[in-house]
Amino acid sequence: MNMVSSSTPATNMNSLMSSEDNIQRTQYPYVTGTSVVGIKYKDGILLAGDMGASYGSTLRNKTVDRIQPIGKHSLIGASGDISDFQEILRKLNEVILYDNMWDDGNSLGPKEVHNYLTRLIYNRRNKFDPLWNSIVLGGVKNGQKYLGMVSMIGVHFEDNHVATGFGNHLARPILRDEWHENLTFEEGVKLLEKCMRVLLYRDRSAVNKIRVCFLFISNVLNDLLSAFFLHILYSSISLDLRFYGVNAAS
Amino acid sequence: MTKQQANWSPYDNNGGTCVAIAGADYCVIAADTRMSTGYNILTRDYSKITQLAEKSLMASSGFQADVRALQKLLAARHSIYQHQHNKQMSCPGMAQLLSNTLYYKRFFPYYSFNVLGGLDSEGKGCVFTYDAVGSYERVGYGSQGSGSTLIMPFLDNQLKSPSPLLLPAKDAVTPLSEAEAIDLVKTCFASATERDIYTGDKLEIVILNAQGTRREYLDLRKD
Numbered sequence: 001m002n003m004v005s006s007s008t009p010a011t012n013m014n015s016l017m018s019s020e021d022n023i024q025r026t027q028y029p030y031v032t033g034t035s036v037v038g039i040k041y042k043d044g045i046l047l048a049g050d051m052g053a054s055y056g057s058t059l060r061n062k063t064v065d066r067i068q069p070i071g072k073h074s075l076i077g078a079s080g081d082i083s084d085f086q087e088i089l090r091k092l093n094e095v096i097l098y099d100n101m102w103d104d105g106n107s108l109g110p111k112e113v114h115n116y117l118t119r120l121i122y123n124r125r126n127k128f129d130p131l132w133n134s135i136v137l138g139g140v141k142n143g144q145k146y147l148g149m150v151s152m153i154g155v156h157f158e159d160n161h162v163a164t165g166f167g168n169h170l171a172r173p174i175l176r177d178e179w180h181e182n183l184t185f186e187e188g189v190k191l192l193e194k195c196m197r198v199l200l201y202r203d204r205s206a207v208n209k210i211r212v213c214f215l216f217i218s219n220v221l222n223d224l225l226s227a228f229f230l231h232i233l234y235s236s237i238s239l240d241l242r243f244y245g246v247n248a249a250s
Numbered sequence: 001m002t003k004q005q006a007n008w009s010p011y012d013n014n015g016g017t018c019v020a021i022a023g024a025d026y027c028v029i030a031a032d033t034r035m036s037t038g039y040n041i042l043t044r045d046y047s048k049i050t051q052l053a054e055k056s057l058m059a060s061s062g063f064q065a066d067v068r069a070l071q072k073l074l075a076a077r078h079s080i081y082q083h084q085h086n087k088q089m090s091c092p093g094m095a096q097l098l099s100n101t102l103y104y105k106r107f108f109p110y111y112s113f114n115v116l117g118g119l120d121s122e123g124k125g126c127v128f129t130y131d132a133v134g135s136y137e138r139v140g141y142g143s144q145g146s147g148s149t150l151i152m153p154f155l156d157n158q159l160k161s162p163s164p165l166l167l168p169a170k171d172a173v174t175p176l177s178e179a180e181a182i183d184l185v186k187t188c189f190a191s192a193t194e195r196d197i198y199t200g201d202k203l204e205i206v207i208l209n210a211q212g213t214r215r216e217y218l219d220l221r222k223d
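Chains A and B, in that order, give the protein sequences. Each residue of the first sequence is one higher than the last, beginning at 1 in my numbering. Each residue of the second sequence is one higher than the last, beginning at 1 in my numbering.
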């Protein structure tokens with residue numbers, strides 16, 4: 001990681017906050033991912049993001065999974081620093097593991113994961129050592145859909161559709177126009193594909209390899225039970241988005 | 001590698017406007033539900049009003065992450081208070097606690113602009129306005145946040161509060177009826193929304209009186 005010593009003039013604030021002079025902090029992101037878009041649809045939530053990771057303006061990696069499952073009920077998608085995202089994943093999975101070890105039949109849902117994530121990120125900004133990510137979190141638990149966001153300084157909220165980075169400028173206007181509560185899965189994927197295409201056209205660091213992940217409530221598979229039975233599926237599909245004559249096979 | 005990102009800031013301004021009006025036996029607390037960052041709207045439906053105790057409500061604008069941390073801290077402090085005293089904290093008590101909590105972070109402040117509204121121990125409406133570092137004052141009406149520069153002079157014109165220097169001290173509560181106060185709040189926000197880009201989407205009004213709390217909503221401009 002590229003670290004800058006806290007004694008440089010640009011980081012005077014850091015030296016005010018601690019007596020030790022050798023503490024190193026991430027001052028800017030290194031390898032970064034671009035926008036993630038998430039929506040609720042009729043039976044669950046959908047998250048989409050491309051698989052590129054940029055090193056400045058260089059495309060360094062084309063097959064990074066920036067959307068990952070957390071526990072049984074949640075998906076998180078991150079834009080921003082990839083290494084910070086991996087640290088977040090490590091911490092979240094540790095929390096999930098320690099919770100599982102109680103073996104009490106409880107499991108952490110999206111609401112809990114979102115709250116933990118928010119506190120973690122806000123705590124790091126308080127230490128002037130931020131986790132350089134904007135994170136989208138979606139989940140389904142007890143028949144309830146959940147979709148939220150956290151920024152790198154801890155601003156967080158829930159909504160029916162969310163997006164990070166460029167997605168805020170380019171995808172959300174489309175979502176505000178076309179999103180509705182009764183979107184089917186196919187319509188949802190189509191809508192995300194449209195968003196990702198616009199992002200691909202105008203966001204220079206976006207790549208034409210998109211991953212769409214989803215979680216859904218299923219009462220179809222268990223319709224013998226009158227109770228709302230929960231069934232979680234995690235899956236992904238790659239959308240083949242073609243852009244002009246450029247080879248889209250990569 | 002050349003630096004391509006601006007040095008980060010631990011603060012952001014997520015905008016929003018808060019208004020509170022105290023009457024003889026009620027208190028009206030209102031805020032819009034828009035949350036923005038820069039020229040972006042993050043969400044159109046984020047409530048800025050929280051109930052801190054049975055008879056005190058806080059409306060907060062500014063930096064949402066700090067606001068949320070402040071709300072959580074006050075909620076925790078209030079549950080400790082309830083365990084120790086087996087009663088709800090009074091609104092003036094909560095006002096002092098909020099001031100101390102803000103000042104505790106004087107040198108790395110909560111970037112939050114609050115109005116606290118509620119009923120005092122006599123059942124009279126009370127409003128407290130704050131700055132980000134905890135200086136506060138009991139008033140008859142108050143406004144904070146991005147649209148406060150548009151709303152405050154209008155409220156001054158409509159409600160003329162007595163000087164706090166007058167002797168003997170005069171009551172700061174407004175002479176309006178509850179319904180008149182609600183109407184005034186609606187007018188304020190409808191006007192502020194016209195000119196302040198950080199105010200809009202929806203207005204949430206909470207009315208607190210002897211019967212309890214009641215909520216009203218009004219759609220505002222979405223542009």
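Be careful, since some hints might not be right.
Claimed, not checked - In silico EDC-like links for lysine to aspartate or glutamate, alpha-carbon gap of 20 angstroms or less:
#	chain 1	residue 1	chain 2	residue 2
1	B	Lys72	A	Glu158
2	B	Lys222	A	Glu178
3	B	Lys202	A	Glu158
4	B	Lys72	A	Glu112
5	A	Lys62	A	Glu193
6	B	Lys222	A	Glu193
7	B	Lys105	A	Glu158
8	B	Lys202	A	Asp177
9	A	Lys111	A	Asp129
10	B	Lys222	A	Asp129
11	A	Lys145	B	Asp45
As the list claims (entries may be wrong) - Here's a subset of chain B near chain A, in silico, CB distances under 7 angstroms, partners left out:
#	residue
12	Asn40
13	Ala65
14	His85
Quick caveat, the hints were computed from the structure, so don't treat them as lab data. On a predicted model such as this, the values are computed, not experimentally measured, just so you know. All C-beta atoms, glycine included, are put in the ideal place defined by N, C-alpha and C.
Give me the numbers of the hints this structure contradicts, sorted from smallest to largest.
Hints 6, 7, 9, 10 and 14 not satisfied by this model.
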